[in-house]
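On the provided structure of chain A, position chain B as indicated by the hints.
Number of protein chains: 2
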Amino acid sequence: MFEKYIKAAGGEVKSSLVLKNATYLDVFTAKLRKGDIAIVGEKIVGVGEYSGETEIDCSNLIVLPGYIDGHVHIESSQLSPEEFASLIVPRGTTTIIADPHEITNVCGMAGCEYISKASESVPLDVKLQLPSCVPATPFETSGAILDGKDIEKNIKNDYIFGLGEFMNYPGVVYSDPYVIKKLEAAHAAGKIIDGHAPAIYGHELNAYLCGGISTDHECVTGEEIEEKISKGMYVHIRHGSSTQNLGNAKFMTDANSRRFILCTDDRHAADLKEKGHLDDALRRLVADGADPVRAVICATLNCAECYGLKWRGGIAPFYLADLVAVDDLKNFNAKYVIKSGKLVAKDGAPLFDTSKRYLPESVLNTVHIKELTADDFILKLKGKKAKAMTIEPGGVVTGCEIVEVESKNGDAVVAGTDILKLAVVERHKMTGNIGKALFKGYGFKGGALGITIAHDSHNIILLGDDNGSMAKAANRLKEIGGGMVIVDRENGEIHSLTLDIAGLMSSREADGLQRDSRALIERAHAMGVKREYEAFMSLAFLSLAVIPKLKITDAGLFDVEKFTFTDINA
Amino acid sequence: MFEKYIKAAGGEVKSSLVLKNATYLDVFTAKLRKGDIAIVGEKIVGVGEYSGETEIDCSNLIVLPGYIDGHVHIESSQLSPEEFASLIVPRGTTTIIADPHEITNVCGMAGCEYISKASESVPLDVKLQLPSCVPATPFETSGAILDGKDIEKNIKNDYIFGLGEFMNYPGVVYSDPYVIKKLEAAHAAGKIIDGHAPAIYGHELNAYLCGGISTDHECVTGEEIEEKISKGMYVHIRHGSSTQNLGNAKFMTDANSRRFILCTDDRHAADLKEKGHLDDALRRLVADGADPVRAVICATLNCAECYGLKWRGGIAPFYLADLVAVDDLKNFNAKYVIKSGKLVAKDGAPLFDTSKRYLPESVLNTVHIKELTADDFILKLKGKKAKAMTIEPGGVVTGCEIVEVESKNGDAVVAGTDILKLAVVERHKMTGNIGKALFKGYGFKGGALGITIAHDSHNIILLGDDNGSMAKAANRLKEIGGGMVIVDRENGEIHSLTLDIAGLMSSREADGLQRDSRALIERAHAMGVKREYEAFMSLAFLSLAVIPKLKITDAGLFDVEKFTFTDINA
Numbered sequence: 003m004f005e006k007y008i009k010a011a012g013g014e015v016k017s018s019l020v021l022k023n024a025t026y027l028d029v030f031t032a033k034l035r036k037g038d039i040a041i042v043g044e045k046i047v048g049v050g051e052y053s054g055e056t057e058i059d060c061s062n063l064i065v066l067p068g069y070i071d072g073h074v075h076i077e078s079s080q081l082s083p084e085e086f087a088s089l090i091v092p093r094g095t096t097t098i099i100a101d102p103h104e105i106t107n108v109c110g111m112a113g114c115e116y117i118s119k120a121s122e123s124v125p126l127d128v129k130l131q132l133p134s135c136v137p138a139t140p141f142e143t144s145g146a147i148l149d150g151k152d153i154e155k156n157i158k159n160d161y162i163f164g165l166g167e168f169m170n171y172p173g174v175v176y177s178d179p180y181v182i183k184k185l186e187a188a189h190a191a192g193k194i195i196d197g198h199a200p201a202i203y204g205h206e207l208n209a210y211l212c213g214g215i216s217t218d219h220e221c222v223t224g225e226e227i228e229e230k231i232s233k234g235m236y237v238h239i240r241h242g243s244s245t246q247n248l249g250n251a252k253f254m255t256d257a258n259s260r261r262f263i264l265c266t267d268d269r270h271a272a273d274l275k276e277k278g279h280l281d282d283a284l285r286r287l288v289a290d291g292a293d294p295v296r297a298v299i300c301a302t303l304n305c306a307e308c309y310g311l312k313w314r315g316g317i318a319p320f321y322l323a324d325l326v327a328v329d330d331l332k333n334f335n336a337k338y339v340i341k342s343g344k345l346v347a348k349d350g351a352p353l354f355d356t357s358k359r360y361l362p363e364s365v366l367n368t369v370h371i372k373e374l375t376a377d378d379f380i381l382k383l384k385g386k387k388a389k390a391m392t393i394e395p396g397g398v399v400t401g402c403e404i405v406e407v408e409s410k411n412g413d414a415v416v417a418g419t420d421i422l423k424l425a426v427v428e429r430h431k432m433t434g435n436i437g438k439a440l441f442k443g444y445g446f447k448g449g450a451l452g453i454t455i456a457h458d459s460h461n462i463i464l465l466g467d468d469n470g471s472m473a474k475a476a477n478r479l480k481e482i483g484g485g486m487v488i489v490d491r492e493n494g495e496i497h498s499l500t501l502d503i504a505g506l507m508s509s510r511e512a513d514g515l516q517r518d519s520r521a522l523i524e525r526a527h528a529m530g531v532k533r534e535y536e537a538f539m540s541l542a543f544l545s546l547a548v549i550p551k552l553k554i555t556d557a558g559l560f561d562v563e564k565f566t567f568t569d570i571n572a
Numbered sequence: 003m004f005e006k007y008i009k010a011a012g013g014e015v016k017s018s019l020v021l022k023n024a025t026y027l028d029v030f031t032a033k034l035r036k037g038d039i040a041i042v043g044e045k046i047v048g049v050g051e052y053s054g055e056t057e058i059d060c061s062n063l064i065v066l067p068g069y070i071d072g073h074v075h076i077e078s079s080q081l082s083p084e085e086f087a088s089l090i091v092p093r094g095t096t097t098i099i100a101d102p103h104e105i106t107n108v109c110g111m112a113g114c115e116y117i118s119k120a121s122e123s124v125p126l127d128v129k130l131q132l133p134s135c136v137p138a139t140p141f142e143t144s145g146a147i148l149d150g151k152d153i154e155k156n157i158k159n160d161y162i163f164g165l166g167e168f169m170n171y172p173g174v175v176y177s178d179p180y181v182i183k184k185l186e187a188a189h190a191a192g193k194i195i196d197g198h199a200p201a202i203y204g205h206e207l208n209a210y211l212c213g214g215i216s217t218d219h220e221c222v223t224g225e226e227i228e229e230k231i232s233k234g235m236y237v238h239i240r241h242g243s244s245t246q247n248l249g250n251a252k253f254m255t256d257a258n259s260r261r262f263i264l265c266t267d268d269r270h271a272a273d274l275k276e277k278g279h280l281d282d283a284l285r286r287l288v289a290d291g292a293d294p295v296r297a298v299i300c301a302t303l304n305c306a307e308c309y310g311l312k313w314r315g316g317i318a319p320f321y322l323a324d325l326v327a328v329d330d331l332k333n334f335n336a337k338y339v340i341k342s343g344k345l346v347a348k349d350g351a352p353l354f355d356t357s358k359r360y361l362p363e364s365v366l367n368t369v370h371i372k373e374l375t376a377d378d379f380i381l382k383l384k385g386k387k388a389k390a391m392t393i394e395p396g397g398v399v400t401g402c403e404i405v406e407v408e409s410k411n412g413d414a415v416v417a418g419t420d421i422l423k424l425a426v427v428e429r430h431k432m433t434g435n436i437g438k439a440l441f442k443g444y445g446f447k448g449g450a451l452g453i454t455i456a457h458d459s460h461n462i463i464l465l466g467d468d469n470g471s472m473a474k475a476a477n478r479l480k481e482i483g484g485g486m487v488i489v490d491r492e493n494g495e496i497h498s499l500t501l502d503i504a505g506l507m508s509s510r511e512a513d514g515l516q517r518d519s520r521a522l523i524e525r526a527h528a529m530g531v532k533r534e535y536e537a538f539m540s541l542a543f544l545s546l547a548v549i550p551k552l553k554i555t556d557a558g559l560f561d562v563e564k565f566t567f568t569d570i571n572a
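Going down the list, the sequences are from chains A and B. What the first sequence shows, in our numbering, is residues 3 to 572, in sequence order. What the second sequence shows, in our numbering, is residues 3 to 572, in sequence order.
The following block holds chain A by itself, in its conformation from the complex (with noise of 0.2 Å):
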């Protein structure tokens, strides 16, 4: 196998492929050189003068190394891992780092594995991450669990890269076993262990660390980062939907850049497909001032060291040839894009097969309930006051308000006030579980809606003023395997979006899910759901009981700051 690449490269015979008259990026110097880049296989086999059998002009074009996500949840785009590649891969990213944290909450191992499958088709190296908190709190139920011996298991298997971002840090800090087995595990497997440890300082960010942890993507301050840096951590910079830290490139320096690397955690289809991926962080980094080359390295060279990625992330002989032709180092449109020394992508158009889905029965059919009646929907209160859960725009973190609610045959009455009922229905295990809680000001009116996506385990949740429209909904939820829905209580109608990969993801491609999903959220509106807030997605975080201050979780109203279930009743 040497053989052809020496052969090559000492220019005994042609290579395979030739990108002509290119300006690369040396990223190891942190120089643009001129030269032909010489590709036979999966690998650059030399930079300077070369023939190929096929050559590409590069002569107006720069070339880098393809780009490294650091940390990205594929579930966030709604997309299929398949549908996903077909829309980064032609923005120039070409490996990426992924945490199936969502998928493996519903469906456990199997989620794991469809994602590592279902991306083997497609020119992306997606290297998993075993997530590490499955489920990520006690207060509710998932559709797996991944105990420590069950990451001890699987931290082993050759498709699992390292383990994903460890969000537990109470469990480390204060050294639960059940979290530290975790860890152990993952350290004697000699896999890389990713952080998340927002505001930690000090002493309980050395105690995280001795956890065997190297990297964070939740800093946002100058003193963070500076502090993570200096403990030997990597400090992502992150070009999420809503969550963003570009503003974290402004504190690399010359001796700690190398220290930096990028990523997405979660993007949503719209913005992939509209503003892009990497190339989108990459043009708006540069357009906020920061050097061009030192930006494009943190994407590269930095990301490929963080995680052990060897011969990956540069132009030299014998790395992969994962390449990005790009107009120039301002707007970064890409042009070519090379992946394993194939050409798979040009003018933003994927040149690879985009129809093929891989959609194994283990990630299907994932919402388990019995049929339920708009009895299942009865709210028993036991006086007129009651908390009621609020939420601001944008925002996860939720607020509590004491309401006065009317009942009437021992069920409160919500219908024409500003006060919804809120459900979360247990989807994994038909436990039967169904928690209940009120929500005030979200201004939707005249039946309910519904949405299988709701984190971290992804139960269903169910928000109506009307018993027997989110009884539908949640039928509707389970007859299309997983989605959103909208139920019209006046005209009868039901109307649903599937979303059938673990009622996280839809198996469709990208334009016709963005086109049904904006006419749903639009019928949301319509319904009266305030504008400033997303209609189906602000939903998804009602029930995630780490984030302050009052949640709902299958097993009941949680108040995060007692860290405790409460009465509803006020």
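Check before you lean on any hint, since a few could be wrong.
If several chains are the same, the list does not tell them apart, and a pair holds so long as it fits within one copy or across any two.
DSS-like cross-link-like pairs, simulated, lysine-lysine; straight-line CA separation at most 25 Å [stated by the list, open to error]: (1) 151 <-> 9; (2) 564 <-> 386; (3) 252 <-> 33; (4) 193 <-> 312; (5) 9 <-> 183; (6) 183 <-> 6; (7) 386 <-> 438; (8) 344 <-> 119; (9) 16 <-> 183.
If you're looking for bench data, these hints aren't it; they were derived computationally from the structure. Only a predicted model underlies this, so the values are computations on that prediction, with no experimental measurement involved.
Below, chain B alone, put in the same frame as chain A:
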């Protein structure tokens, strides 16, 4: 295990050892910081404010990560690994990438195993590179052959860290299948391959790199360094006893400095003892104007990154507690050295037992020859004119001069002339091979000199003006199991120094060995060896059939320029 780190890091329990009030180097941001360094077991658990069961006041000291030598042949010190460690650990070196090329050419894999096992008792991490070129050339008889299959088998061993410097660059560039097999085996095992590629550029360098080679310690010019780094290599800054390229440091820039690492390659015991190891390199670099912080980073973090030594080379939580506390960043005098959390040296003296020696039979008694007699050194010439080897002082390149030599009874007579007989006696396989040559201008008279160090196969190299003395010298070397010898024909005295380990190294302590070695060298000069030569070590390169011009091996006289054996008769 993690629990005890975490609890101490959080301050919940005392650390086992704390370096109090230290100024320490944060290699990640290239800043000196102040704080206590807390250690538990073999790891640093925190920096900040800590108290420990044992505390060492470091108020006036600067604490650095323990140094990492990126490439060294322990054998060049003529010391056992234990004694070698006793000299370099107190200087601040805590990890070495060791290539046991010499002893493996004598003892085969038993040589590697010996270095590995002997290193176990000392507080020095010896990462062992499997020698890639055994034998170094096909023109001599070595003690062992490691062919592609042997490399394939042995590279997988846990105690083998990587593949040693690949000196046979023509073999790579011309894709010799025998060579490719070795490279592919190392790559398949996921192990790093060290390079050795003096003055290789352009397509030839590309081809060499397509062998999967990562490093080079032979660079000397700015142009060469720039090209090698731009093609993804790490470049060593070398501080050997004879081979030096500390000047490489002046080619470091903000952007490329991460690719520079330090090494010593070959360093004699006297230099280690009197001048030092990497501490001396740092001292010299700083004296020559290098930024001290950057220089230390080359000797620590950069080297750890190059060799994939995670959690090493920095002062941060979860990092290996390999530390050296120095007086300042000018003199680098090591006050304390901590290895894996234990204080192992103080004020330049080891605190560990240096008297233990692992001495397996497999590396002892390695001089396998039959008893030789004067007749074995008869040199028959066809006429009076013959080729004689010459050597420049301080160099390893030899010359060829046509000389006139009288013969008597079918044997060249050199006594009383400026010409000596040279002989290389095969000592591994009892082949009886004796290569013979003439050597002009060395100055020695009245007997014979001999040594069992002769690069790279380490046969016996003898020099003399009397056949009987040469036989006696060889026989004494057999008797003592290798070393150096002088035979004085006049008084019949034989003086020798034993190098019992493979005929290359001594199991004695450095002081006594050096004293006796100096006495023997003085005796050689007293018998006429010109002062400009290293009396014994200059001989050790006369058999290195890859360096011009005329060389002698056990298989005969070799013309390096014509790359073929040659007749002694002119």
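For each hint, the structure was consulted:
In this assembly of identical chains, the alpha carbons of residue 151 and residue 9 lie at most 25 Å apart only when taken from different copies (23 Å versus 49 Å within one copy). For the homomeric pair residue 564 and residue 386, the shortest alpha-carbon distance inside one copy (24 Å) is at most 25 Å, but the shortest distance between copies (104 Å) is not. Proximity of residue 252 to residue 33 under the C-alpha cut-off of 25 Å is found in both arrangements, the shortest distances being 21 Å within a copy and 18 Å between copies. Taking the shortest alpha-carbon separations for residue 193 and residue 312, both the intra-copy value of 14 Å and the inter-copy value of 11 Å come in at or below 25 Å.
In this assembly of identical chains, the alpha carbons of residue 9 and residue 183 lie at most 25 Å apart only when taken from different copies (15 Å versus 49 Å within one copy). In the homo-oligomer, the alpha carbons of residue 183 and residue 6 lie at most 25 Å apart only across protomers (13 Å), although the nearest pairing inside one protomer, at 46 Å, exceeds that limit. In this assembly of identical chains, residue 386 and residue 438 lie within 25 Å of each other by CA distance solely inside one copy; the values are 16 Å within and 111 Å between copies. In the homo-oligomer, the alpha carbons of residue 344 and residue 119 lie at most 25 Å apart inside one protomer (20 Å), although the nearest pairing across protomers, at 47 Å, exceeds that limit.
Only between protomers do residue 16 and residue 183 lie at most 25 Å apart by alpha-carbon distance; the minimum there is 23 Å, versus 53 Å within a single protomer.
Going down the numbered hints, you'll see the structure goes against none, and every one checks out.
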